[in-house]
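**Q** Sequence:
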Amino acid sequence: MKNTVMSYLRFIIPLVCTFTIGQSLPAQAPKAEKPKQFIYVLRLVPRLYSDSNWTKEDETVLERHFAHTCKITAT
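According to numbering that gives the first Met the number 0, the residues represented by the sequence shown are 0 to 74, in order.
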């Protein structure tokens with residue numbers, strides 16, 4: 000009977016210790032994914048090198064582009 004209890008304890012004690020240590024370890028939080036960043040360069044067509052060549056439509060398109068860029072980067 001004593002041998003049975005001892006063999007049982009030899010099995011149970013390491014098992015309990017393993018589970019106790021395993022439960023006390025902090026769970027690893029998944030690393031936050033870095034936000035995607037995009038960098039691009041707008042190149043003007045040669046017609047727009049001079050300010051005097053800009054049409055009202057060109058200015059409107061540019062204003063709309065910058066307003067949209069500001070809106071999406073603010074969130």
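Among the hints, a few may not be true.
What the hints assert, rightly or not - Simulated restraints on C-beta separations:
no.: 1; residue 1: E32; residue 2: F10; range: 27 to 33 angstroms
no.: 2; residue 1: S49; residue 2: K70; range: 26 to 32 angstroms
no.: 3; residue 1: K55; residue 2: P34; range: 34 to 40 angstroms
no.: 4; residue 1: I12; residue 2: K35; range: 20 to 26 angstroms
Claimed, not checked - Derived DMTMM-like pairs (lysine to aspartate or glutamate); straight-line CA-CA distance at most 25 angstroms:
no.: 5; residue 1: K70; residue 2: E56
no.: 6; residue 1: K30; residue 2: D57
no.: 7; residue 1: K70; residue 2: E58
Don't read these hints as lab results, they were simulated from the structure.
The structure presented is a predicted model; accordingly, all values stated were derived computationally and were not measured.
By construction, the Cβ of each residue, glycine as well, lies at the ideal position given by its N, Cα and C atoms.
**Q** With reference to the structure, classify each hint as holding or not holding.
**A** Quick rundown of the hints versus the structure:
no.: 1; hint: E32 to F10: 27 to 33 angstroms; verdict: violated (43 angstroms)
no.: 2; hint: S49 to K70: 26 to 32 angstroms; verdict: holds (30 angstroms)
no.: 3; hint: K55 to P34: 34 to 40 angstroms; verdict: holds (36 angstroms)
no.: 4; hint: I12 to K35: 20 to 26 angstroms; verdict: violated (51 angstroms)
no.: 5; hint: K70 to E56; verdict: holds (21 angstroms)
no.: 6; hint: K30 to D57; verdict: violated (44 angstroms)
no.: 7; hint: K70 to E58; verdict: holds (18 angstroms)
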